[in-house]
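Line by line, the protein sequences are chains A and B. Start counting at 1 in the first sequence, then tack on 36, and there's your number in our numbering. Start counting at 1 in the second sequence, then tack on 157, and there's your number in our numbering.
Hints in this document: simulated from the structure, not taken from any laboratory. Remember, predicted model here, so these are calculated numbers, not experimental data. Glycine is no exception: its CB is placed at the ideal position from the N, C-alpha and C atoms. Misleading hints may appear alongside valid ones.
Here are the simulated DSS-like cross-link-like pairs (lysine-lysine), alpha carbons at most 30 Å apart as the crow flies [claimed, not checked]:
1. K275(B) - K139(A)
2. K119(A) - K275(B)
3. K69(A) - K469(B)
4. K192(B) - K352(B)
5. K95(A) - K352(B)
6. K229(B) - K69(A)
7. K275(B) - K90(A)
8. K413(B) - K119(A)
9. K413(B) - K130(A)
10. K283(B) - K90(A)
11. K261(B) - K130(A)
12. K413(B) - K69(A)
13. K352(B) - K130(A)
14. K413(B) - K139(A)
15. K125(A) - K469(B)
16. K90(A) - K42(A)
17. K261(B) - K413(B)
18. K87(A) - K192(B)
19. K229(B) - K125(A)
20. K125(A) - K352(B)
Reference listing, derived: stretches of chain A covered by chain B, where coverage requires no fewer than 3 residues with Cβ under 8 Å from a Cβ of chain B [stated by the list, open to error]:
21. 59-65
22. 68-75
23. 79-92
24. 133-139
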Amino acid sequence: MLLLDKNTFEEEVLNAEGYVLVDYYSDSCEPCKALMPDVEALAEKYEGQVKFCKLNTTKARRLAISQRVMGLPAILLYKDGEKVDECTKDDATKENIQSMVEKVL
Amino acid sequence: MSKVYDVAIIGAGPAGLSSGLYAARSKMDVIILEKAGTGGQIATTDEVANYPGAQAEATGPSLVARMVEQCKEFGAEIAQKEVQSVNFENEMKELSLADGTVLKAKTVIIATGAHPRKLGVPGEEKLTGKGISYCATCDADFFTDMEVYCIGGGDTAVEEAIYLTKFASKVTVVHRRDELRAAKSIQDKAFANDKIDFIWNAVVKEVNGDGIVEQLVLENKNTGEEQVIDAPEDFGTFGIFVFIGYIPNTELFTDKLVLENGYIPTDADMKTNIPGVFAAGDVRVKSLRQVVTATADGAIAAVQAEHYISNKF
Numbered sequence: 037m038l039l040l041d042k043n044t045f046e047e048e049v050l051n052a053e054g055y056v057l058v059d060y061y062s063d064s065c066e067p068c069k070a071l072m073p074d075v076e077a078l079a080e081k082y083e084g085q086v087k088f089c090k091l092n093t094t095k096a097r098r099l100a101i102s103q104r105v106m107g108l109p110a111i112l113l114y115k116d117g118e119k120v121d122e123c124t125k126d127d128a129t130k131e132n133i134q135s136m137v138e139k140v141l
Numbered sequence: 158m159s160k161v162y163d164v165a166i167i168g169a170g171p172a173g174l175s176s177g178l179y180a181a182r183s184k185m186d187v188i189i190l191e192k193a194g195t196g197g198q199i200a201t202t203d204e205v206a207n208y209p210g211a212q213a214e215a216t217g218p219s220l221v222a223r224m225v226e227q228c229k230e231f232g233a234e235i236a237q238k239e240v241q242s243v244n245f246e247n248e249m250k251e252l253s254l255a256d257g258t259v260l261k262a263k264t265v266i267i268a269t270g271a272h273p274r275k276l277g278v279p280g281e282e283k284l285t286g287k288g289i290s291y292c293a294t295c296d297a298d299f300f301t302d303m304e305v306y307c308i309g310g311g312d313t314a315v316e317e318a319i320y321l322t323k324f325a326s327k328v329t330v331v332h333r334r335d336e337l338r339a340a341k342s343i344q345d346k347a348f349a350n351d352k353i354d355f356i357w358n359a360v361v362k363e364v365n366g367d368g369i370v371e372q373l374v375l376e377n378k379n380t381g382e383e384q385v386i387d388a389p390e391d392f393g394t395f396g397i398f399v400f401i402g403y404i405p406n407t408e409l410f411t412d413k414l415v416l417e418n419g420y421i422p423t424d425a426d427m428k429t430n431i432p433g434v435f436a437a438g439d440v441r442v443k444s445l446r447q448v449v450t451a452t453a454d455g456a457i458a459a460v461q462a463e464h465y466i467s468n469k470f
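Just chain A, with the same shape it has in the complex:
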């Protein structure tokens, strides 16, 4: 998975063509840590079809809020730089993320 920061986000997500998935997490978010291995597994599964990225919001709070992310975990799916779908909080499960991706492929 590609590790983003506030400097690379625009280029890798907003200016990117095709599908990009961003896993928003933070240092103090335990549910995020529990979910991360599942997202990494999905990243392998969909390699070449969807670009999987992660962003630590602890160091990019304003950026996260600009994307309307104010609660973690949050998994957002973008197409050509526009948000098309998301799974947040209790809905952020491996199954839901997978079906969100399957729906657009």
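Given the coordinates of chain A, work out where chain B should sit on it, guided by the hints.
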């Protein structure tokens, strides 16, 4: 023939981990099944001040990490697997997992815990993760220098309000009664904190906003009067943290066990109405739901499971 476990534990919070530790230590074949991350609710708690032996720096995650390590050292298996249904009708208990396998065990310890109750008001679902939160450690830092409303008046609500003052510019506790239910020591801390304000006798009526929380509407329980709180202009939003109690995670056990208001009643030995099935922790009918009572339950359940097996098998 597929493997038969001595003890299958559902849930890896403090109750489940404690049962796992005790059961594995007495050389039983143990598996702990957890659908999400280990630790349960305590994993998202910042400060654990009242667990004997836990020092000031003890956090939920650090405590859980030590419990998990201890559990594994004694040989308990912890699997990230979701239980989808249970069959307690035969002597050999069966758990059907989300991956399609069926796990067999001589005894089952239910330690599924509880989850936060929601407000049940218009706007809540749409704005969860967009300013409405049930997890302060997950989301507090988004609200650095912003205003935050904390709904509830129990221990959790007031403790989390105090925690949120480390981030927010101001925290307002909204409570349905005219006095807090939280322990006196916690109340004293809150009343002494300059950043904490209170709105009494009020409940949330709705939450509004276009993609992000912009307005909170409260109703005074005594007068019926509405109070509309709009987001200040500088940030255009504020936080709403909800801590109004818990709902037991017992959906799996409807019609399989006797339940009382959703919770599982047991005797002092953690026995449910089904022989070989035990319950431990927050999921039980009990008067105090804390880590210390959860781990105690877990230990008792594991020892009773061992007795049951040596008598029966």
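Evaluated hints:
A distance of roughly 29 Å separates the Cα atoms of K275(B) and K139(A); the hinted pair therefore holds under the 30 Å criterion. Between K119(A) and K275(B) the CA atoms are separated by roughly 27 Å; this keeps the pair inside 30 Å, and the hint holds. This hinted pair does not check out: K69(A) and K469(B) have alpha carbons roughly 41 Å apart, beyond 30 Å. Taking the CA atoms of K192(B) and K352(B), the gap is near 38 Å; set against the 30 Å cutoff, the hint is violated.
A hinted pair counts as satisfied when its Cα atoms are at most 30 Å apart, and K95(A) with K352(B) qualifies at roughly 25 Å. Pair hint K229(B) plus K69(A) holds up; C-alpha atoms about 19 Å apart against a cutoff of 30 Å. Pair hint K275(B) plus K90(A) holds up; C-alpha atoms about 29 Å apart against a cutoff of 30 Å. At most 30 Å may separate the alpha-carbon atoms for a hinted pair to count; K413(B) and K119(A) exceed this at roughly 43 Å.
The straight-line distance between the Cα atoms of K413(B) and K130(A) is roughly 28 Å, inside the 30 Å bound, and the hint therefore holds. Taken as a hint, the K283(B) and K90(A) pair is honoured in the structure, with Cα atoms around 24 Å apart against an allowance of 30 Å. Our distance criterion of 30 Å between C-alpha atoms is met by K261(B) and K130(A), whose separation comes to about 25 Å. The hinted pair formed by K413(B) and K69(A) fails the criterion: a straight-line CA distance of about 33 Å is larger than 30 Å.
Between K352(B) and K130(A) the alpha-carbon distance is near 39 Å, which puts this suggested pair outside the 30 Å criterion. About 36 Å separates the Cα atoms of K413(B) and K139(A), which puts this hinted pair outside 30 Å; it is violated. For a cut-off of 30 Å, the pair hint linking K125(A) to K469(B) is broken: about 43 Å separates their Cα positions. As the CA atoms of K90(A) and K42(A) are separated by approximately 11 Å, the hinted pair is consistent with the 30 Å bound.
Taking the CA atoms of K261(B) and K413(B), the gap is about 16 Å. The hint holds against a cut of 30 Å. Proposed proximity of K87(A) and K192(B) is supported: the alpha carbons are some 26 Å apart, at most 30 Å. Distance restraint check for K229(B) and K125(A): the Cα-Cα separation of roughly 29 Å lies within the 30 Å cut-off, and the hinted pair is therefore satisfied. Between the alpha carbons of K125(A) and K352(B) the distance comes to roughly 28 Å, so the proposed pair stays at or under 30 Å and holds.
Counting residues of the segment 59-65 of chain A whose CB falls under 8 Å from any CB of chain B gives 3; the rule of at least 3 is met. Counting residues of the segment 68-75 of chain A whose beta-carbon sits less than 8 Å from any beta-carbon of chain B gives 4, enough to reach three: the coverage restraint holds. For the segment 79-92 of chain A, the proposed coverage by chain B is not satisfied: 0 residues have a C-beta within less than 8 Å of a C-beta in that chain, short of the threshold of three. By the rule of at least three residues with a Cβ nearer than 8 Å to a Cβ of chain B, the coverage given for the segment 133-139 of chain A is violated, with 0 such residues.
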